[in-house]
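Colleague: Going down the list, the sequences are from chains X and Z. Just so we're aligned, residue 3 is where the first sequence starts under the numbering used here, counting upward by one. Just so we're aligned, residue 74 is where the second sequence starts under the numbering used here, counting upward by one.
Just so you know, the hints here were simulated from the structure itself, not pulled from any lab data. Note that the structure is predicted; figures quoted are calculated from it, not measured. For glycine and all other residues, C-beta sits at the position ideal for the given N, C-alpha and C. Among the hints, a few may not be true.
Sample of chain X residues facing chain Z (criterion: CB under 7 Å; computed from the structure) [to be verified]:
no.: 1; residue: G71
no.: 2; residue: T93
no.: 3; residue: Q276
no.: 4; residue: N280
In silico SDA-like links for lysine to any residue, alpha-carbon gap of 20 Å or less [stated by the list, open to error]:
no.: 5; chain 1: X; residue 1: K339; chain 2: Z; residue 2: S262
no.: 6; chain 1: Z; residue 1: K116; chain 2: X; residue 2: T93
no.: 7; chain 1: X; residue 1: K372; chain 2: X; residue 2: P388
no.: 8; chain 1: X; residue 1: K339; chain 2: Z; residue 2: E176
no.: 9; chain 1: X; residue 1: K379; chain 2: X; residue 2: Y73
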Amino acid sequence: MKSKWFTLLSIMVLFSLLAACGGGGGSTANTGNTGSAGESPGNGAAEAPSGGEGVTTVQFWHSLGGKNGEYMDALIQRFNESHEDIEVVGTFQGSYDETVTKLQQAIASGTGPDVSMLERAYVQMFADAEVLEDLTPYLEQSGISADDFTPGLMGHSYFNDKLVSLPLNRSTPILHVNKTLLDELGLSVPTTWEEMKEVANALVVKEGNEFKRYGVSMPYDTWYPIAMISQAGGTFFNEDNTSIGFGDNGAGEKVFSYLKDLQSTGALYYPPAQDSGNIVNSMFVEGKVGMIFQSTGSIGGLASTVDFDYVTAFLPKDEVHANPTGGANVTLLSSSKNKDAAWEFIRWMEMEEEGGLEFILQSGYLPFTKQMVESAKMQELWAKEPNRKVAYDQLEFAVDTNKDVAWPEIMHEFFSAIEAIMYDSKDIPSTLDTFKKETERILAQ
Amino acid sequence: MISTSLQTLRETMAFPPTWIPASPQWGNFVEAMNAGPFLTYFKNSVVVTGSILILQFLVMIPAAYAFAKYKFPGKTVLFGMILLAFMIPGQVTFIPVYLMMAEWGLVKTLLPQVIPFVSNAFGIFLLRQYFMQIPEEIIEAARLDNASEFNIMRKIMIPMSGPALATIALFSFVSHWNDYFWPLVMTDSAEVRPLTLGIAMLRETEGISNWHIIMAGNVMLVVPILLVYLFCSKHIVKAFVYSGIK
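Input sequences plus hints: build the corresponding full structure.
Modeller: Have a look at this one:
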């Protein structure tokens, strides 16, 4: 009886011993704020305030995991090796949304970082809260012009004429095509909605009541409907941001009835909401669907896993070519105490050859300066992998129509509308009408 | 999960899924391990969950004993407050707690992951119910023999409530070992983060998720839970066998 509990207790004591010798170093250094020894290189440096040994520490928060996270770590390491007086500490803060949550509470409590990655759609919200530094003077001071950046990616960088963020890991949706399947059926890659409808229907294989192959698919996201709304001549918000810009001109109805029409014949597979991106990717890899709308971020992964002829193409146009952009920007926070060092990091990452360019080449995100585009390395890569160039070329048609402080809130309502139409086959005009009213209510606040 | 952790990326995407990997990819584990300071993450997880367990027991047992066997003014009100405490989800309290921790300069340490969990309302409640079943006579007898209250707890209450304690320990361990949200919002640097956040870092932000690597990480996360479960379940059974007085 007794011995049993002593075993349990002794194990606990063991835990606490571990706690004492393991965590002790870190926590005592913190409470005592001695900041002297710093045996663990990362922690020790992070603790030391900017004065110690003339090294300024810059905290950088990002949302990159997996391979892209490793490329980002490598970038930070390259920076630290080339800068003796600045140490950048990069910390992964979860997904884009989780990073936003973290930033909100950290800024409020004065423990925010110096530099942060911010998903482009949230830039407006933080800029409105006046926590982002205006970068214009810094650009001037370093002799950089805003024209040096890829124009299609600057849509979310301005707020009230202030430049509050610069593009970093940016992507855009494109059409990924299983060329082998299309060739077998003698089809060419669609460039318009009409052609896409024909091709997608031709790809459908149905046995009994079961679809063995679908024509086209896209992840459950607002990105793709927004692209199509712009292609059909609508905008997400109207000009003075008081309502939606695709209700009265019929663009919204056109998009969703087009999608429902495709869905009814199996030409469109609309995936379940949970994990839709992965589902769509794996169906594409397995040849269960011939074409997908998907981010440029998938090119590298798809190219290395598929065993068929894989090409990318512009999103098909309706009235016009149009596509939104995605990914994240980099921002300098007003609360930073080391703005000069933080700016040096941003400048280096944006402009220097061994900075962002290397990261872009590795990760497959879009090149964000003209200098990068013209660089020999980029041109070489594009010659080797033309699939990647397609995405950059498409930026000519980049639009940013979902720009508003209230976008994150409206996004949830838009998701509900998409669900109602795509999953529950609710009446399109009345669903969009409800969404319009809801949007107007939120925008009026 | 174990199967996926040994597959190649191509295999993880196959539909229908394959169960037995064609050739086990042990390298996935190495790759997962190399993706970050996993030893540090593991150590942090052990330290945090271990400390929570110890501190919880130190607080919970006397509290439950007091609620079960003492009469004092305000007892029902206090107990009601404890019941209320375990109905409030962590998502509601994290902002005030974070602000408090930031004020005290603790966000770069392990402490914010431990302090809020020192009192375990559910545990106090469960243990109180269990203590109440233990006959008053045994305690009276011990008091007549001049046993101190501490000794009564140690020699009578604890041994007789083995199953309850093992259950609470298991629940508490599993929930804190697997916790993702709380450590994420409470910590600002990689050095103090637990294994769950390390695994999350394996996930791709955009593009194709490397499920085989993620699953290799998950296997590392789950194995300790299985070990603790095996250990605890043995004790739960034993405790049932030995607790004779009813």
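Colleague: Hint by hint, which ones does the structure fall short of?
Modeller: Violated: hint 3 alone.
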